[in-house]
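Protein chains in written order, with the working numbering: chain A, 1 to 292; chain B, 1 to 292; chain C, 1 to 292; chain D, 1 to 292; chain E, 1 to 292; chain F, 1 to 292.
The list cannot tell twin chains apart, which means a pair is met if one copy fits it or any two copies do.
Computed list of lysine-lysine pairs in DSSO-like fashion (alpha-carbon distance at most 30 Å, straight line): (1) Lys-204 with Lys-266; (2) Lys-264 with Lys-212; (3) Lys-204 with Lys-269; (4) Lys-264 with Lys-166; (5) Lys-31 with Lys-169; (6) Lys-166 with Lys-204; (7) Lys-230 with Lys-204; (8) Lys-31 with Lys-204; (9) Lys-169 with Lys-230; (10) Lys-269 with Lys-166; (11) Lys-169 with Lys-269; (12) Lys-230 with Lys-212; (13) Lys-264 with Lys-230; (14) Lys-169 with Lys-212.
I should point out that these hints are in silico values taken from the structure, not numbers from a laboratory.
6 protein chains.
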Amino acid sequence: MPAGEIRYASPPPTMVDSSCDDDAWVWTQIKAEARRDAESEPALASYLYSTILSHPSLERSLAFHLGNKLCSSTLLSTLLYDLFLNAFTSDPSLRAAAVADLRAARERDPACLSYSHCLLNYKGFLACQAHRVAHRLWQQSRRPLALALHSRIADVFAVDIHPAAKIGKGILFDHATGVVVGETAVIGNNVSILHHVTLGGTGKMGGDRHPKIGDGVLIGAGATILGNVKIGEGAKIGAGSVVLIDVPARTTAVGNPARLVGGKEKPSKHEDVPGESMDHTSFISEWSDYII
Amino acid sequence: MPAGEIRYASPPPTMVDSSCDDDAWVWTQIKAEARRDAESEPALASYLYSTILSHPSLERSLAFHLGNKLCSSTLLSTLLYDLFLNAFTSDPSLRAAAVADLRAARERDPACLSYSHCLLNYKGFLACQAHRVAHRLWQQSRRPLALALHSRIADVFAVDIHPAAKIGKGILFDHATGVVVGETAVIGNNVSILHHVTLGGTGKMGGDRHPKIGDGVLIGAGATILGNVKIGEGAKIGAGSVVLIDVPARTTAVGNPARLVGGKEKPSKHEDVPGESMDHTSFISEWSDYII
Amino acid sequence: MPAGEIRYASPPPTMVDSSCDDDAWVWTQIKAEARRDAESEPALASYLYSTILSHPSLERSLAFHLGNKLCSSTLLSTLLYDLFLNAFTSDPSLRAAAVADLRAARERDPACLSYSHCLLNYKGFLACQAHRVAHRLWQQSRRPLALALHSRIADVFAVDIHPAAKIGKGILFDHATGVVVGETAVIGNNVSILHHVTLGGTGKMGGDRHPKIGDGVLIGAGATILGNVKIGEGAKIGAGSVVLIDVPARTTAVGNPARLVGGKEKPSKHEDVPGESMDHTSFISEWSDYII
Amino acid sequence: MPAGEIRYASPPPTMVDSSCDDDAWVWTQIKAEARRDAESEPALASYLYSTILSHPSLERSLAFHLGNKLCSSTLLSTLLYDLFLNAFTSDPSLRAAAVADLRAARERDPACLSYSHCLLNYKGFLACQAHRVAHRLWQQSRRPLALALHSRIADVFAVDIHPAAKIGKGILFDHATGVVVGETAVIGNNVSILHHVTLGGTGKMGGDRHPKIGDGVLIGAGATILGNVKIGEGAKIGAGSVVLIDVPARTTAVGNPARLVGGKEKPSKHEDVPGESMDHTSFISEWSDYII
Amino acid sequence: MPAGEIRYASPPPTMVDSSCDDDAWVWTQIKAEARRDAESEPALASYLYSTILSHPSLERSLAFHLGNKLCSSTLLSTLLYDLFLNAFTSDPSLRAAAVADLRAARERDPACLSYSHCLLNYKGFLACQAHRVAHRLWQQSRRPLALALHSRIADVFAVDIHPAAKIGKGILFDHATGVVVGETAVIGNNVSILHHVTLGGTGKMGGDRHPKIGDGVLIGAGATILGNVKIGEGAKIGAGSVVLIDVPARTTAVGNPARLVGGKEKPSKHEDVPGESMDHTSFISEWSDYII
Amino acid sequence: MPAGEIRYASPPPTMVDSSCDDDAWVWTQIKAEARRDAESEPALASYLYSTILSHPSLERSLAFHLGNKLCSSTLLSTLLYDLFLNAFTSDPSLRAAAVADLRAARERDPACLSYSHCLLNYKGFLACQAHRVAHRLWQQSRRPLALALHSRIADVFAVDIHPAAKIGKGILFDHATGVVVGETAVIGNNVSILHHVTLGGTGKMGGDRHPKIGDGVLIGAGATILGNVKIGEGAKIGAGSVVLIDVPARTTAVGNPARLVGGKEKPSKHEDVPGESMDHTSFISEWSDYII
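If we strip away everything but chain A, and leave its shape as in the complex, we get (with noise of 0.2 Å):
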């Protein structure tokens, strides 16, 4: 079955800047997604009017539907609820952050069918959301509490991002299941993460000893990036590689351990972003040249 043939509006060009009118654009067109689904579908009209219908605003939406999501018999909802409220409404960059995650997801994964789709159901976007208000609490020195957010979203979510790393902007993490991402990490904008990926640590030093991606980066699933490395800007980690090494900018790194096609000397460098073109195997001749 020819995937899209459902697909919703269609978005309008990205803007390299999010802006105002760019976040309502979004807001507008989930609730407009939010309320053909239900209409078409009324076993899931009461959860689209809980999550997203009755919410005059994007936070509003994301603030709730996190809110029920994370809470256990000892966080109540309506704990939680309050604190996503009050992050989303003092610091407006978690909006813009989330609508251009959303946007993220809508471009660049094919099975993304609608926003709403994602807002609702990524457990990848949402599990960053939270991340954001945690690493939020965080730099405000309120760590328990980010700490305890950062279980949860462990517990929920099964991605497990410390608090104090931090988190560019347009990132997809793609399935999202078994992501790790150590204390020091930082990740740059428009990166793409699949599955199972670890940026980790190397021991039990403190100080800073998590990698460090750069912008449009595209990791691979079950890729594990160990110690305080540089993944250049729009370079790409095969699946499965096992990285312990720098990564210069807009070359591929395989293998395991990882070496970089084209040879470490001289690297083959590629023309796009991966992060944004989600390319994950065009290497794969290369590779089979170089190795094989």
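Could you slot chains B, C, D, E and F onto chain A? The hints should help.
What follows is chains B, C, D, E and F alone, placed relative to chain A:
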């Protein structure tokens, strides 16, 4: 401690086609097991009565168990129970598939003590049955509901199977955590798939972009298979492999990137059906010879 | 931001055998930490009181926390609380093991700010304590209950440890998502295991079929160890490795398939105990030399 | 503020016998009301969809609503939903009775704005429908289940109707809190009973020991009727009365102890059917004359 | 339908002092009843196992049942279970009182089919047992906790007994909804109190201001007794009475305001103990004579 | 036991108009009480932090507490919290009324130990605050939502106040169970109403049909007032009375049917304000004289 010493009544010889009689036998067996367990363990009796012993049929038991497992504060158990029950009642092939999967776990997994053990506790089994219902909704063009169900399965079981993916019968998702199966993937009959296995896509283009897994294939833990490649009938994929190429029938692919044991030109062929024999490691010596 | 700057009171020098006094010290410490956090963060105070500060002992705190984390609509928190409390009260070694695990996290994980941080938030810690209770039930031949508990741990924490598996003390399951430990696996003392690690079996035959992990071993993220192989005391398994062979004491195995650093014949020996030193990557240069 | 100004479409003339067509008309009406309310009040739309608009029939809506209202942590909503749905499906007279009760509320209670208002919010209506199911279970000799349901109704609605009590159709339990109806009580058709009304027994002897209420009776708030007395057709019992004697048809009993208005020998007869006309107080002047 | 035909094993002759043996007999009886009901009604078996059959003692069963009935999102079932279990374990008189109350219901209420029926379903019984625990907390000067428990009992059962009120043994709160018992009220042994009964105070002054109810008293439905009045041993208060005066032993007060049957000067004396005989209405003819 | 001995800081002299300063004083007091209780009773600390101590204002505390008390599986706590918080934030008179009601309980009810005791535990207080929000919704023509809230209040607290009813400030609903207040009822300021009181209508006609209660009125337990009658300022209605007539200011009506103490022509007048003095029974001797 020798496992298996308290294993329950052994199954009758597998019938080629799961028939109604066969299904009834399994359900009778499940009730007998649950009754014995309830007697020996009063602390568990309430659970066993609510999930199994109070129900007149496997379909109702499954609908109840899945409804309670997958519900959330915004998707109520009653709604999901209704949804599952309607699906199981309307489409008898769903029950037959569940029975075939129960048999697969019981026969292939030495840690599976009984049918009821699988029915109650195997997240891979439960995720797969819920997926079959999501897939049915998808085929009926009830996509928003299918995706909402997909999202709950991914949250609760950490098993992420796109509702459009086609899955055969007699499937064992062993351990199951972290399994990701993409939109256009197809899985044949009698396949065994370990945890952390990815059947992934290749990028942002839509269309047919995920693996096709033949009957009787065995895919080891953590294997990543990407793109519209064909894994032939009875093939075996080693744990941790990254597969970007077709794998012929009854051959074994291992490594990152995966290569055929015996060599590309004349790969070794095995006689058994690894999806059923579950022989994970017989290729080791050969592999070592080949690679090192 | 330099991590650790708000770290709590540092622990006394580790005692060789965790004694009652030591256990009491840790519990006193946990209450002091929780009290400080409750004062600084009113939004979290309710949570801290319900999980820690209202309880007279570590056992009761843990029983409450696990009961509430692992409960479901069909396995009530009161039932689980009772089960945990009975186990912790009847078997003091469970408390000693929990304290040793708390110490392991606190000493080996630079991101672990305090004992209470681990007690409340580390899914690996919580899954391990719940497993110890499931294991005790298994040994008492209360298998259906052990397996039901196993299933809840696997659902809630995405950590899948068979209740028959034997696990020592001073264990750190870091991040923990996706860990799978099979029925006949044995894990020694002071072992550190990262997320996505598999200690798996080899097929459909029962019997002793899973790895034996010696004391002080470190197993990197995503490593897959299959079959009844022996990982010697103080050995190190690199991230992403696929290990199908025995690994001698104090050596390092890396790669897919894993080979010994320094070569099969005369592998390099290290002096430290990697399960405690957590040195993940010191082998990199040597590895590179060896492989490439 | 003049009540009723936003009252919904007025009902068709009451038919003597509630027929299928009539039932269908009421359900259509309920859905139309809910749709209008959902549109005007997004905050309530989720509730309206889950309780009414997602259901194909009044029976399913009621089963869902009652299942969710009456469930507890030990009697799950899925179990109760199933129980109610089975009863409503097996016994069409339950639906007819529900429709007659909806009409009774809509016609007799000026505060009842719409059918959906009653269906969703009237605890007397809901308690009565749940009682009918408990009564059916009682008649089927499923007494323990009937009594468990009885207990939930008494807890949730503070309405305590013994499952053996026989209740007619077209009943209005107005406000309903505190109503107690004993085991051998019988209530006719078109009866209106206010809150805190007791139809009680006379002591510790079993047997037929509770009141028999004729058709069209009106029982005022707080009235207590004790023993196997007969309240004749169309009689009226004043608020706060304590009735220990038979009351002839179409007469009024008031006071503590209750006496007949107009005197025992020749009580005043009224023409209307007070259970339908709901005239609570027309006897006042006469009463005053009689008593004071 | 003749009630009682399926009544369970009849009780042994009441012993003057409830002894341990007697308590054990009742618990054995309860388990036998529950087992029979579970067998005959699979839909209820889960409930019966969780509330009764999985527990080794009446105390644990009651603690579990009350913990789950009275919990809320801010007062967790595990906390309440612990609280009840501690009280029942520390103070054996609580169990003895519970058994005496169970006997009272079984012997005096013809609608009470079995001990388990009362244990599970009688809100008056459950409210009374929870009150005894609240009273114990009050006496231990744990007033805020006693009042929180009081509030939950009032919400869940609509039974409002101040934790300071002193209540004897062998009490039957029949139907129980709406019962209000004030702070300085005292209730003797073997008292029967119907629903909507108030033992209230007289104003805003503190001090001893509520009724004192002697042994063996019967108070009819809806009776209101106000002020520090004394209701003598074996007295009877008619339904709906408003009592503002002392009532001598073995006399009957009826009416609003209540007067003594037989006259103030020489009231009629009855021979039986109405709290046990439950004779509500024998005074009727005499009353009529007296009043009208 | 002499009540009051552990009473908390006594209130400042009542101010005629509750001002912002006064409101702030009460909130400060509540927090101090809760802090003291949390310290003395660790088992309750979690509850006190979640309901009071984690909140920056009385409004937020109330919104949280009501949201969690009134929520159900189909009306989520987050939705209700939001609803209450919006109302309290938009309309400061709601806070002032809440403070006046808190003061009323603290001053008039000798069993009220503290403001926090009332805030947390008095179902009459909580039902009244929730009613005020429902009334505001009603006035904003958001009737379906107002009625849904009304229904939840009636279920949870057994207090049934029609959202259209107008209620003043400084109200004490003491015990509160069973209170019913009809659509066109009006209640003045500083009124005290005991449990089971009905302010009811007269039949099926719409329009102005419920009682009008003047300032300072006291209505005793179980009193039933029916019809559009006027209860004059400072009047007193005896417990259990059935009032169908106007009652002049500062007079007392008692009995069933109620008559004025002192006689219809020249009723006795009292000097105090019974709604504040709470003198329930001073009329007794006079009443006895009058009636008997």
